[in-house]
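Colleague: Okay, here's what each chain looks like letter by letter:
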Amino acid sequence: MSESTPSTEPTTLTQASAPGGLVKSVVQLDRVVIRLAGDSGDGMQLTGNRFTSETASFGNDLSTLPNFPAEIRAPTGTLPGVSSFQLHFADHDIMTPGDAPDVLVVMNPAALKANIADLPGGGLLIADSDEFTARNLAKVGYAENPLEDGSLDGWQLVSVPLTSMTTDALAGSGLGKKEAERSKNMFTLGLLSWMYHRPTEGTIRFLERQFRKKPEIAAANIAAFRAGFNYGETTEAFAVSYEVKPAPMAPGTYRNISGNQALAYGLVAAGQRSGLPVFLGAYPITPASDVLHELSKHKAFGVRTYQAEDEIAGIGAALGASFGGALGITTTSGPGVALKGETIGLAVMTELPLVIVDVQRGGPSTGLPTKTEQSDLLQALFGRNGEAPVPVVAPRSPGDCFDAAIEACRIALTYRTPVFLLSDGYLANGAEPWAVPDVESLPDLRTEFATEPNGPDGEFLPYLRDPETLARPWAVPGTKGLQHRIGGLEKADGTGNISYDPANHDFMTRTRQAKIDGIAASLPPTEVDDPDGDATVAVIGWGSTYGPIGAACRRIRRSGRSIAQVHLRHLNPLPADLGDILRSYDRVVCPEMNLGQLSMLLRAKYLVDVQSHTQVRGLPFRAAELAAVLQDVIDGAATTADPVLSGGQS
Amino acid sequence: MTTPIDAHVHELGMPAFDQRIADAVARSVELGGEKQTTLKAKDLKTDQEVRWCPGCGDYVILNAVQSFLPSLGIAREDMVIVSGIGCSSRFPYYMNTYGMHSIHGRAPAIATGLAASRPELSVWVVTGDGDALSIGGNHLIHTLRRNVNLTILLFNNRIYGLTKGQYSPTSEIGKVTKSTPMGSLDHPFNPVSLALGADATFVGRAMDSDRKGLTDVLRQAAEHQGTALVEIYQNCNIFNDGAFELLKDPLTGTQWTIPLVHGEKLVFGPDGASCVVADGAGGLRIAETNQVEESQIVVHDAHRTDPSYAFALSRLSSQDLRYTPMGVFRSIQKPTYEAMMADQLEDARSGQPADLAGLLAGNDSWTVEA
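Chains as they are written, first to last, in our numbering: chain H, 1 to 650; chain L, 651 to 1020.
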């Protein structure tokens, strides 16, 4: 497989005759990375998502990286307003959105300036020449028009008047110039769809559906989309189109899915599989709000969504619903977790099921709301007063958010505990093809409510535990004879009455910890990916770094070296076999998008000399850079006892 | 998984997602016998020793609530009391119902989640002036505006008791406490005004020691559909003793208390010497009864849709408690939050069957053949 390597020499397959007597060739590629960049108002995210859907339905494997500013509409044409969408698609299994684009489409000078450095020399650059006006150039400090001054000679520049061709195509539509111009993203999508032989029916259906109530807008967008496609077919500017064959995939039904959508579906599925109503208490926050939006559509499944007055009320309502027998969920990002801490402690004390979804973003404080980071791990583990252990589960890819959400719910329901589900902005907004699971194959999450007294004298003991899981009984209000009071004060073992007894507090603190530690017994053995079986260096990660780390490992293995990859689903408790696994390698490397949070945990827990490699750029790791880091470690392990690491060590 | 659902809303029956909770409740009745709706006060007591200071007004309120609740005909397992933090918030431990002694200020939020997902329960919030109006002020006003079906008992002793005597958001300006040796600089909240400002559908006020008046307001609050806020003046005999003496003293109490009875003229004081009239500027004022026409005297109407009148009533009292209306300020009907939420769920359920496989596959799936 050729993950993220330069493509094999493209082969020209066919010579096709296009209208107007043009002879166009079709070139076969195994993979392409396209980046679309424009102003926040240019609809780049929508265009990217549509291109992704076309690509998914064509059957390529794919991975996406949306990248947009926190400002809804920064001043038009400025650098802060640039929004981009990168899509990597291939005829084989891929793991990342690609380190660098092969093709860059820029809708204005700001988009060019912000992105050109990422386009390797010789790459295809398509620019909307209409937007390279003196005014727009001046906004971003271009003294000369780069489309004309030769400064872009190192790339294959194609200047296309996308805006005016769009308005020309819509001349008879009855739309004003401004409105017509807004369809230029669909013109561009049409052009790209032609260039890469994408199926177009899905986009036309989508536009009809999206603008059902504004048929003239739907018609204009479809006309622009078709005009872009036809332009590609007839223009001399593009003599070549490209074909990327479908990727071989295991038999099954597939769809394209983003992380936030998959996560929301996982929560709906957990409600169905547990037979419990889902209650989401949430306050809007980037990049988690889409989970609230998605869940609010699924009332037919008994999903109650409550947009609270603040983060604290969101989790409070979820916990109240859990007390009543619902599957209580709250969704947020790092700053929201900081506010929810006290209620999470209450959930630890009251031992009720609760899932806290943290879609991590750059921090601290407001940080980088739309950029990704993995820096909430220690907050999730330790960000509360007292000894307040909470299980932590992390998804590794957009589609995996579905399974991780179900796993978080399983732990919450089985062990009667709050559980953290740590996603991140990259997973949340990124998308990939997802094998739609068979509903009947999903885990059975049914748990029993208490229905009768459990004490020796016919009384109800709310803190009498299940000997295996140490979970306490879940007796919901309305259940006859089981009235009881719970709360944040320390509980006496068994009765749950207030207790200030020193020995009881010591016992209860250790018991709460033992309950969480005991979850490890329910986890499968840790998977170690070491296809050669002779690796002496292991790389360990968690969360969304799975793709870049996996891609880096493939590069290492292609170069003839061996490396083992371990990727953690459970961050608390850690798998029972993890210490032995880590100790069996000469070197262990841990790349993270923080300053070394997991590596600190691993070093503390296992006394293994884990080498940390970190990056906090708000973007995922690049596979090539990671591969270089891993290669240095492997080479170092072969020659010296000292670790050799490239920059970014913490 | 789910079965296809009949299109007729009223024939839908118990939704699958609530069935397991209903089954657990039904099983407990099978095992333990029918729910008892004829209770006595002692049935609501727990084996926990009540740990308020001797002489605290909270005892009186606890006794009144335990005596009154059985008259509602609600089984004790169907009642839930959620509290925050503070002296008053120990209340759930002494009530043989379901209860949660939660965290500071958050009881309305927690109770909202419970009430919204279990509309069949009788959910109560017990809170204090610090809990509800300082740290929990945000949750209180938003709960009131949503009209969640909760009864909120706000014990107002105008002091922080559990932290040993700092001024509270209802303490009078200039109050000398441990944290304000030169007097408090904060203007106090009037909890009734605050609740009416949040468009609360039911707002009442009662005195801890006035068993009859307290029970009367509590009954109306409990019967109200929606959020009912009852401010209960409660004496803290340790840190703010005598705070409400002006109203409790038989002599001055009559003079300064304005009893609110729906449909009756607002006449009060010894021999009905005082009354409430319109002030000509959209508000209300106190007048001497013998100085005004009888037709000028305001007849109390707790059912006015516009909260301005009730607000004006609440503004009659000064921070030293002269001219304090006691009783029900406002009681109007609006759909409750959980009823509207249940309607949306039912509409969604009748519109489209809950088909998980269909949801997961979506509209744009493709199949790879073996």
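What the hints contain is simulated information worked out from the structure, not anything from laboratory work.
Some hints here could point you the wrong way.
As the list claims (entries may be wrong) - Keeping only pairs whose Cα atoms sit at most 30 Å apart, straight-line, the calculated BS3-like set for lysine-lysine is:
hint	chain 1	residue 1	chain 2	residue 2
1	H	113	H	178
2	L	685	L	695
3	L	828	L	685
4	H	299	L	984
5	L	984	H	297
6	L	862	L	984
As the list claims (entries may be wrong) - So the derived list for chain H, only partly shown, Cβ under 8 Å to chain L, looks like this:
hint	residue
7	268
8	302
9	319
10	437
11	485
Quick reminder that beta carbons are idealized off the backbone N, C-alpha and C, glycines included.
Colleague: For each hint, tell me whether it holds in the structure or not.
Modeller: Each hint, compared with the structure:
The straight-line distance between the Cα atoms of residue 113 of chain H and residue 178 of chain H is roughly 25 Å, inside the 30 Å bound, and the hint therefore holds. Proposed proximity of residue 685 of chain L and residue 695 of chain L is supported: the alpha carbons are some 17 Å apart, at most 30 Å. The straight-line distance between the Cα atoms of residue 828 of chain L and residue 685 of chain L is roughly 49 Å, outside the 30 Å bound, and the hint therefore fails. Distance hint between residue 299 of chain H and residue 984 of chain L is fulfilled; the C-alpha atoms sit about 23 Å from each other, no more than 30 Å.
A threshold of 30 Å between alpha carbons decides the hint, and for residue 984 of chain L with residue 297 of chain H the separation of about 25 Å falls inside it, so the pair holds. About 28 Å separates the Cα atoms of residue 862 of chain L and residue 984 of chain L, which keeps this hinted pair within 30 Å; it holds. With a cut of 8 Å, the hint placing residue 268 of chain H at the interface with chain L holds, because the nearest CB-to-CB distance is about 7 Å. Satisfaction of the interface hint for residue 302 of chain H is found here, the shortest Cβ-Cβ separation to chain L being roughly 3 Å, below the 8 Å cut-off.
The beta carbon of residue 319 of chain H is positioned within 8 Å of a beta carbon in chain L (closest approach about 6 Å), and the interface hint is therefore held. With 8 Å as the threshold, the beta carbon of residue 437 of chain H comes within range of chain L, its nearest partner Cβ sitting at about 7 Å, so the hint holds. A hinted interface residue such as residue 485 of chain H counts as satisfied when its beta carbon comes closer than 8 Å to some beta carbon of chain L; here the least separation is about 4 Å, so the hint holds.
Of the numbered hints given earlier, the model fails hint 3 alone.
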